[in-house]
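Model the full structure from these sequences, guided by the hints.
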Amino acid sequence: MGTFEHQPPVTLTDPAADDWTQGFWDAAAEGRLAVTRCSSCGTFRLPPGRFCRACGSQEVTYETLPGTGTVFTCTVVRQPLSAQDAAGFEEYVPAVIDADGAPGARFVSAVVDCAPDDVAPGMKVRVVWDRVSDALSLPYWTPE
Amino acid sequence: MSVKDKAAVVGIGRTKYYKRGQSFPMTQDEMAIKAITLAIEDAGLQKADVDGFALYSAAIDPGKVAAEMGLANLRFAATLTSGGGGAAGSIGLAAAAVASGMCNYAVSLMTLQQLRHRLGGTQVAPPADPEAAAAMAAMMRTPMTAFSQANIASPGHNFAMITNRHMAQYGTKREHFAAQCIAQRANAIRRPTSIFTEPLTMDDYFNARMISEPLCLFDYTPETDGAVALITTTVDRARDLRQPPAVIAGSANGGTGKHYSLLGSFQMPDESFASGGHRDVAKQAYRMAGIGPADVDVALLYDHFSPMVLMQMEDYGLCPVGESGPFVADGNTAWPNGSIPVNTHGGHLSEGYVIGMTHAYEAVEQVRGTAVNQVEGCEYALFTGGPATIPMSATILRKA
Amino acid sequence: MSLKDEAAVVGVAVARAEGADAQLAMPDLAIVAANAALADAGLERADVQGFCSPSGVCDHGALASQMGVPEVSFSATLTSGSGGGAGALALAAAAISGGFADVVVTLSRYESAPRSGGTGPNALLRPPPGAAASAYGLSGGPGPDGALSAPAALRSYGAAAALTANAYLHRYGISREHVGRWVVQARANAGEKLSLDDYLAAPLVIDPFSELDAAPGIATSYVAAVVTANVERARDLDQPLVVIAGAATGGSPINGAPWQGPAELVASSGHRDVAADVYGMAGASASDIDVALLADDFSPWVLMQLEDYGFCGVGEGGTFVADGRAVVGGTVAVNTHGGNITDAFARGVTHIDEAVRQLRGTATNQVPDASTALVTGDPGTMPLSAVIMRRA
Amino acid sequence: MTTTEPTAKPFRNMPPPNLTDPYADARTQPFWDAARQEQLLGPKCAQCGTFRMPPSTFCPVCLSRELAWEPLPGTGTVYTFIVVRHPLNPMAADYVPFMPAAIDADGAPGMRFISNVVDCEPEDVRVGMPVRVVWNHVSNTLTLPFWTPV
Chain S
37 MGTFEHQPPV TLTDPAADDW TQGFWDAAAE GRLAVTRCSS CGTFRLPPGR FCRACGSQEV
97 TYETLPGTGT VFTCTVVRQP LSAQDAAGFE EYVPAVIDAD GAPGARFVSA VVDCAPDDVA
157 PGMKVRVVWD RVSDALSLPY WTPE
Chain C
446 MSVKDKAAVV GIGRTKYYKR GQSFPMTQDE MAIKAITLAI EDAGLQKADV DGFALYSAAI
506 DPGKVAAEMG LANLRFAATL TSGGGGAAGS IGLAAAAVAS GMCNYAVSLM TLQQLRHRLG
566 GTQVAPPADP EAAAAMAAMM RTPMTAFSQA NIASPGHNFA MITNRHMAQY GTKREHFAAQ
626 CIAQRANAIR RPTSIFTEPL TMDDYFNARM ISEPLCLFDY TPETDGAVAL ITTTVDRARD
686 LRQPPAVIAG SANGGTGKHY SLLGSFQMPD ESFASGGHRD VAKQAYRMAG IGPADVDVAL
746 LYDHFSPMVL MQMEDYGLCP VGESGPFVAD GNTAWPNGSI PVNTHGGHLS EGYVIGMTHA
806 YEAVEQVRGT AVNQVEGCEY ALFTGGPATI PMSATILRKA
Chain W
8 MSLKDEAAVV GVAVARAEGA DAQLAMPDLA IVAANAALAD AGLERADVQG FCSPSGVCDH
68 GALASQMGVP EVSFSATLTS GSGGGAGALA LAAAAISGGF ADVVVTLSRY ESAPRSGGTG
128 PNALLRPPPG AAASAYGLSG GPGPDGALSA PAALRSYGAA AALTANAYLH RYGISREHVG
188 RWVVQARANA GEKLSLDDYL AAPLVIDPFS ELDAAPGIAT SYVAAVVTAN VERARDLDQP
248 LVVIAGAATG GSPINGAPWQ GPAELVASSG HRDVAADVYG MAGASASDID VALLADDFSP
308 WVLMQLEDYG FCGVGEGGTF VADGRAVVGG TVAVNTHGGN ITDAFARGVT HIDEAVRQLR
368 GTATNQVPDA STALVTGDPG TMPLSAVIMR RA
Chain R
1100 MTTTEPTAKP FRNMPPPNLT DPYADARTQP FWDAARQEQL LGPKCAQCGT FRMPPSTFCP
1160 VCLSRELAWE PLPGTGTVYT FIVVRHPLNP MAADYVPFMP AAIDADGAPG MRFISNVVDC
1220 EPEDVRVGMP VRVVWNHVSN TLTLPFWTPV
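Protein chains in written order, with this note's numbering: chain S, 37 to 180; chain C, 446 to 845; chain W, 8 to 399; chain R, 1100 to 1249.
Treat the hints as calculated values from the structure; they're not laboratory data.
Beta carbons: idealized from backbone N, C-alpha and C, even for Gly.
Careful: at least some of the hints might be erroneous.
[Unchecked claim] Chain W is nowhere near these chain C residues, computed Cβ spacing over 12 Å in every case:
1. 560
2. 578
3. 618
4. 700
5. 732
6. 768
7. 785
8. 833
9. 837
[Unchecked claim] DEER-style ranges, computed between Cβ atoms:
10. 1146(R) with 493(C): 53 to 63 Å
11. 120(S) with 662(C): 47 to 57 Å
12. 209(W) with 167(S): 38 to 48 Å
13. 46(W) with 662(C): 44 to 54 Å
14. 295(W) with 586(C): 51 to 61 Å
15. 376(W) with 115(S): 41 to 51 Å
16. 616(C) with 1208(R): 32 to 42 Å
17. 1188(R) with 583(C): 12 to 22 Å
[Unchecked claim] Where chain S lies over chain W, by a calculated footprint (3+ residues, C-beta under 8 Å):
18. 151–157
19. 199–213
Put into structure tokens, the structure is as follows:
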């Protein structure tokens, strides 16, 4: 059992940040949810990538979001999908989240600290953080 | 029923060419997108027009790049199956894509960053990552491996084997290779895009260190980074765009079954061993274009190694078989006075190595009439991909 | 100007790694399959000029030289995605109509799924041992963008597919009973017994998928080969003439950045643009299709493609199947061979194989006077693909 | 820099060692058994007699899978060769220069052995030069053929 109940077996330790994702991880380290936004036309985008899909600009800013949102779609992993996940396996709920304040950009994460069968599209959720290290905090979502 | 004269290159774009690794921290996809964006501008198109990728050597993942560029639609995404051998053929694949109605505007491109991965490096040095190294070791433990234990381990070694045979069979000399390197360097130093800016002399060539005899340092292409993109559409759509269309008169990608082992076991038959292996591809390209060697005004021949330029001249009938050495030494391939200028942009050897796409870019500029080292009245430009395994390729562009 | 009616499918065959071929490596199995398909077409190795495949099948040059093909004049693959061979057939038709080759061999390769930690056969629901999690080109693993989606721990292709499947099922209120009715139908088409109760009782692996909702692992590797020829050339061969009337590949770029973009596109098979293109080129519509072989690595894909290819309205895929309209004698016969989610696929009966048999009139579950068949390629990874074949 | 004792080499100007086992299967084991007895065999199609190297599964001429091994006299000529001067990895530094070569073996028309010319100087090697086989006993399962000037 990780920091949360039904936490996915995530093993990421290095976010391999580049100039277009470092802003997200800096905000995360302070417990803030931020999203990539094009400096010239204001379009939000995930995954960040190096170009604005609308206008092609490479300039970005990081917009801090309220940290609330709605489940767009989700699933429940009922069985360990590989041997490495088997030990201490808990069902977990991968989910795609429409984040408030960032129309057109959805976060791909998981809903934790609630019964997997309660999660459904449309559910209101808020972000919670799993501090993996000083440099790395991972965003999860839990019912509001 | 063929793509002859049905499609044309309408847009070309490129990044700067960098010495190996110096394009970092850009990524290969990022350089590809910049080159595509410049090609869209050059053609006078909109991003929303682009809906196909006709590649070679699986240069990028079109789904990922289309998403990152925000393309409206992706209707064609295919690649020729070889490495540099497919460079010229990818323009023919683009012609097939638009002429078949599968998409409207097809991008062909190469993007290359040789920071960690050196193409010319040894094929036996185990990769750094232990898992990949273990997988490679496992792949070697098959019954065929023990039959090729000569330590022929890099592209330079492979093409030196072929070069040595050509020298023995036809009396070709290192002076002949030097003449082609010097002629291409003279073209390159007139161009702002070139990696090399100083002329090359016979002394420089013969004082250079031997790497895989008979190939010395200057017979090898430099290792560079960069991206080049071209956009192809039907001739009807090409008419009302910004640039004069570079019409695709003929194209071929393939090769000869018996010549396949030139990078492996060297079982090629005597009649084609000391050649570029392009004779069937040349026949196919000329047949589709309905022209012969005499009609070619400029040839941009894939020069990963200088001797392979001479051998392709023989394969494409630009000079008799076995006589490319003296033919080059007499200045026939130099610009502007040569009878058939070869690699007017300086080629891989002197301008920059982006796996053949610089040759495609130069071919378009030559038939547009806008090249730095322009061949007067150029109507037909031939450019090739590889000598390499199957498919190798060639495309012939024609002035509209 | 298009490839319409310029190429014909003249030979099909499958080579399985069993009996004398049990020890053959995949490239050698491809030689066996290619020669069997040439025999089916009545052609020789020297007739072959082109090779097309879904991505990453085998080195066409090595194949040509080892099997004694004298001269190659076209060699390409799709950039990714299996496309189940439909996309590779589209490429072959483009090569033939482009004058690059008169005879093209297309090869699709199905390797036995490595046992994944002994917890079940599906290689789609579970990653092969040691394989990094990868789905839709999205991975919780390496790369700056991938790291942002690491929290979802999408360990397998099936985990990513499940998010799309649930977006669709939830949006249109389609139940697992509806999906189950299709799985039962597919098994029946393949001559395999399954009741709706068996289906519903199967434990879920990743909602909404149980083992019965995903293509099973292949027990015995095989290579499926198809020979396509210039239509004039095909006329003087013995097999009935099966012409490629339309071909399309591609799909919406949002597939490259999964689950971003308009909700109704995310909650779909992504085939709407490909459908418009393939019908447009063939000059056909859904009502002209006698038999549809829809790519089905996952059972909901069939329902979603019934809608995207216009056999029923958006959201009506579930009731279409439940009302028995997807059967021989119904609105359109669907996956008459069972498809990928049945053991028929594991035995080597592919969608293209079935389409050609239906149009030749030699299928097991034959649609009377079938004259037009639609074959689609695997949703999810780009490019998607579709081909319409017609008995000429 | 301390002088390291030069690696013991059974042949002058030989290539860096690589495999220590042939990883043979039933079809190719005869070649390696004969090699250990310093006898050179050529792989050919049992059906139509065409030699092929490496001995792939199918004969490209008649598609037969039956392989036969023809005893060869162990002489031949250098069809082409190179002199590797630049070591591509540190391990090769002790071995450059060495001379990979394609050898037309007598008695096996249409097939070449890919090996090395050893026990002579790079300057001695010529295209067309007659050579004879010599054997490098790498391990108790692998003996590799090299070639040396006659």
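| Which numbered hints are broken by the structure, listed smallest first? | Numbers 4, 5, 8, 9, 16, in rising order.
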